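Trainee: Here is what each chain is made of, one letter per residue.
2 protein chains.
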Amino acid sequence: EVPDIVAAIGAALGDGPLTGRHAIVTSGPTHEPIDPVRYIANRSSGAQGAAIAAALRDLGARVTFVTGPAAVPPPEGVAVTRVETAREMAEAVAAAHPADVAVFAAAVADWRVENAAAEKMKKGTGGLPVLAFAENPDILADVAKMSEGRPALVVGFAAETEDVVAHARAKLDRKGCDWIVANDVSPETGIMGGAENAVHLVTATGVEDWPRMAKGEVARRLASRIAAELGTG
Amino acid sequence: EVPDIVAAIGAALGDGPLTGRHAIVTSGPTHEPIDPVRYIANRSSGAQGAAIAAALRDLGARVTFVTGPAAVPPPEGVAVTRVETAREMAEAVAAAHPADVAVFAAAVADWRVENAAAEKMKKGTGGLPVLAFAENPDILADVAKMSEGRPALVVGFAAETEDVVAHARAKLDRKGCDWIVANDVSPETGIMGGAENAVHLVTATGVEDWPRMAKGEVARRLASRIAAELGTG
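Here the protein sequences come in this chain order: A and B. Sequential numbering from 3 applies to the first sequence in our numbering. Sequential numbering from 3 applies to the second sequence in our numbering.
Since the hints were made in silico from the structure, they are not lab data. Computed from a predicted structure; not experimentally measured. A virtual CB, placed ideally from N, CA and C, is assigned to each residue, including glycine. Be careful, since some hints might not be right.
Said to hold, decoys possible - Under 10 Å between C-beta atoms, here's a sample of chain A residues computed to sit facing chain B:
hint	residue
1	H33
2	I42
3	E162
4	V187
The task is simple: from the sequences and hints, build the whole structure.
Mentor: Here you go:
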């Protein structure tokens with residue numbers, strides 16, 4: 003669309019609405035090892051996170067893109083840090099500050115396997131496995147609650163399979179972030195791994211229900227809203 | 003190589019050494035759901051299984067290729083059945099008989115999550131998850147021990163991270179299969195997900211240590227050995 007083209011040209015010329023701003027974007031799943039060959043994963047393709055990073059780049063932002071093992075390649079023109087586990091992602095995010103905005107689009111595993119094995123677990127020797135879990139760092143809450151150097155805008159994602167908006171509102175309060183982009187990832191929606199997304203933008207003041215649209219369009223809308231919020235759009 | 007080319011031409015003309023024979027090949031990882039978005043996976047790319055299916059096809063075999071969610075696409079010219087879980091793979095294999103040879107190259111999860119949740123598990127509501135596991139069907143042993151209609155040759159794989167040959171010999175005895183193709187998948191070998199493989203072919207009568215070579219070459223050697231064993235090579 004014309005405004006996007008104008009914005010992209012502006013960014014290329016060094017005067018996009020987010021020129022001089024630094025954005026951190028996380029994307030993709032995390033993998034939590036069980037042993038050297040097995041791991042716990044999730045169905046995030048990384049498509050939405052990659053599109054958001056590209057859209058922020060197109061508005062002139064310098065983007066640090068922290069990605070788990072995603073199916074979708076990272077966009078060009080962003081600084082990519084590849085990680086596997088939630089703890090690695092937390093470290094990479096911590097190393098990326100200061101930033102003006104942080105968008106946590108990754109589907110981070112809430113738990114890791116505390117008793118991950120150094121050698122492949124064998125069938126039959128000891129019967130069924132007993133996995134002990136430990137909570138992973140809460141990257142969104144940790145950044146949202148930074149006492150010094152907090153990004154001006156902290157955006158979380160909520161991938162839900164039921165009561166999407168109610169869960170997102172509760173998450174906004176619990177995490178202390180500014181916005182939650184919430185969506186329904188029930189298998190029947192086809193959103194996880196698909197090309198489209200239908201999101202609700204939950205803020206302190208209300209909820210916007212965006213119609214189902216291409217993930218690239220969700221990204222461009224979100225990037226425009228971010229630029230407006232930072233007073234640059 | 004010239005013998006391969008001759009074989010491929012022969013197969014195309016309908017007189018390859020395995021023409022008229024039916025091969026079942028499994029490949030790739032399985033994914034075992036935890037809830038609608040999380041699952042347990044493993045690092046199999048499906049590259050070795052796909053290469054074996056292609057090599058058997060090139061010798062004239064009709065190939066049923068049962069594949070989990072692999073990173074590598076299935077070869078052309080084989081009948082593909084896509085599955086996700088070990089139980090789905092077992093059903094697809096059971097439906098594919100009778101066969102002259104079965105090659106179980108898939109990295110099948112030994113266990114599934116017995117208490118997999120229909121809705122996404124929430125962080126904080128109930129603390130850490132408790133996953134109860136159940137044993138998956140043992141596809142290799144079930145086929146190797148068929149009382150009627152057993153394939154003449156049943157080949158298993160053993161991906162190990164220590165004591166590779168000893169574990170493979172024990173697996174051969176325990177499963178009742180004819181051959182085990184064993185390899186070391188320790189992360190430092192780079193074999194899982196890589197282009198090469200270094201295998202040991204364990205049979206009732208001995209062990210052959212094959213040098214490290216491209217996965218396609220491992221596949222062609224194995225297919226030639228299969229044709230010889232079936233009295234057609």
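Trainee: Take the shortest C-beta to C-beta distance between E162 (chain A) and chain B; is it under 10 Å?
Mentor: 7 Å, holds
Trainee: Would the hint on H33 (chain A) stand, with a C-beta cut-off of 10 Å toward chain B?
Mentor: At 8 Å from the nearest chain B Cβ, H33 (chain A) passes the 10 Å test, so the hint holds.
Trainee: Would the stated hint for V187 (chain A) survive a check requiring a Cβ distance to chain B of less than 10 Å?
Mentor: 6 Å, holds
Trainee: Using Cβ atoms only, decide whether I42 (chain A) comes closer than 10 Å to chain B, and label the hint accordingly.
Mentor: 6 Å, holds
When held up to the earlier numbered hints, the structure conflicts with none and fits them all.
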